[in-house]
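Residues in the sequence shown are numbered from 14 upward in steps of one, following my numbering.
FYI, nobody ran anything at the bench for these hints, they're computed from the structure. Here the structure is a predicted model, which means the values were calculated and not measured. Virtual Cβ for every residue (Gly too), placed ideally from N, Cα, C. Do not rely on the hints blindly, as some may be mistaken.
Restricting the straight-line Cα-Cα distance to at most 35 Å, the calculated cross-link-like pairs of lysine-lysine (DSBU-like) are [stated by the list, open to error]: (1) 106 <-> 171; (2) 66 <-> 112; (3) 133 <-> 88; (4) 66 <-> 171; (5) 112 <-> 133; (6) 88 <-> 66; (7) 171 <-> 88; (8) 112 <-> 88; (9) 66 <-> 106; (10) 133 <-> 106; (11) 106 <-> 88; (12) 112 <-> 171.
Label-pair distances were calculated between CB atoms; the ranges are [as the list claims (entries may be wrong)]: (13) 92 <-> 139: 20 to 28 Å; (14) 67 <-> 169: 37 to 45 Å; (15) 171 <-> 132: 22 to 30 Å; (16) 138 <-> 63: 25 to 33 Å; (17) 113 <-> 67: 25 to 33 Å; (18) 134 <-> 60: 20 to 28 Å; (19) 57 <-> 106: 15 to 23 Å; (20) 92 <-> 135: 16 to 24 Å; (21) 97 <-> 128: 35 to 43 Å.
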Amino acid sequence: MQNHPYSSRQLALPLASVFVAIILAIGTLLGSSGTASAQQTTASSDRIWHDLKGDVFGDRAILVDTGVVRIEAPKRAQDAAIVPVDIYLDPAKAPDGIKSVTLIIDANPAPVAATFQLGKDAGVTHLSTRVRVNDYSYLRAIAETQSGQLHMMQTFVKASGGC
């Protein structure tokens with residue numbers, strides 16, 4: 014029996030190195046496309062919001078992250094059909110009171126998910142609901158004060174197919 018010039022051990026190390034290099038290259042490509050996809054989704058949601066805010070609020074100024082309203086939702090939804098959303102209101106930062114809160118989900122077919130009308134002396138500081146989120150999207154809570162000022166906070170939720 015003739016000995017082969019390369020033993021199986023001598024071949025195993027270079028083959029394993031090539032295999033690891035291929036796996037790392039595929040992982041890098043998939044990782045960068047995922048990042049690019051998330052950035053495209055965020056940009057798409059921002060474009061939708063730009064068009065949508067005029068339809069819902071006209072040309073009124075919207076103050077962002079003032080502390081009047083805060084929205085919380087999971088970063089990645091376990092079930093896109095029932096995404097929990099909590100909206101917190103700080104009456105101390107809106108001394109004239111909060112008249113209404115609008116919840117908008119940019120990427121949904123019907124983006125205005127809810128509008129909560131509050132009485133002048135309601136004293137509401139927390140609203141909680143569950144919503145369907147159709148695609149990766151910003152969820153926006155916009156609080157309107159009794160004087161007509163609009164205050165917004167947003168959070169990005171990764172969800173899709175909330176049927």
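Hinted pair residue 112 and residue 171, Cα distance within 35 Å: holds, 30 Å
Satisfaction of the hinted span 22 to 30 Å by the C-beta atoms belonging to residue 171 and residue 132: Since residue 171 and residue 132 have Cβ atoms about 36 Å apart, the given range 22 to 30 Å is violated.
Range hint compliance [Cβ, residue 97 to residue 128, 35 to 43 Å]: Taking Cβ atoms as reference, residue 97 and residue 128 lie about 19 Å apart, which means the hint is violated.
Residue 139 and residue 92 - C-beta distance against the hinted 20 to 28 Å: holds, 22 Å
Residue 169 and residue 67 - C-beta distance against the hinted 37 to 45 Å: violated, 22 Å
Residue 67 and residue 113 - C-beta distance against the hinted 25 to 33 Å: Roughly 18 Å apart at Cβ, these two residues miss the hinted range, so it is violated.
Residue 106 paired with residue 171 [C-alpha distance capped at 35 Å]: Roughly 30 Å between the alpha carbons, so the hint for residue 106 and residue 171 holds.
Restraint check for residue 171 with residue 88, where alpha carbons must lie at most 35 Å apart: Given that 35 Å is the threshold and the Cα spacing comes to 6 Å, the pair holds.
Holds or violated: residue 66 to residue 112, with C-alpha atoms at most 35 Å apart: holds, 18 Å
Given pair status - residue 88, residue 106, alpha carbons within 35 Å: Between residue 106 and residue 88 the Cα gap is close to 26 Å, so the pair holds against 35 Å.
Residue 106 and residue 57 - C-beta distance against the hinted 15 to 23 Å: Given range 15 to 23 Å: violated, Cβ gap about 31 Å.
Given pair status - residue 66, residue 88, alpha carbons within 35 Å: holds, 23 Å
Violated hints for the displayed structure, listed by number in ascending order: 14, 15, 17, 18, 19, 20 and 21.
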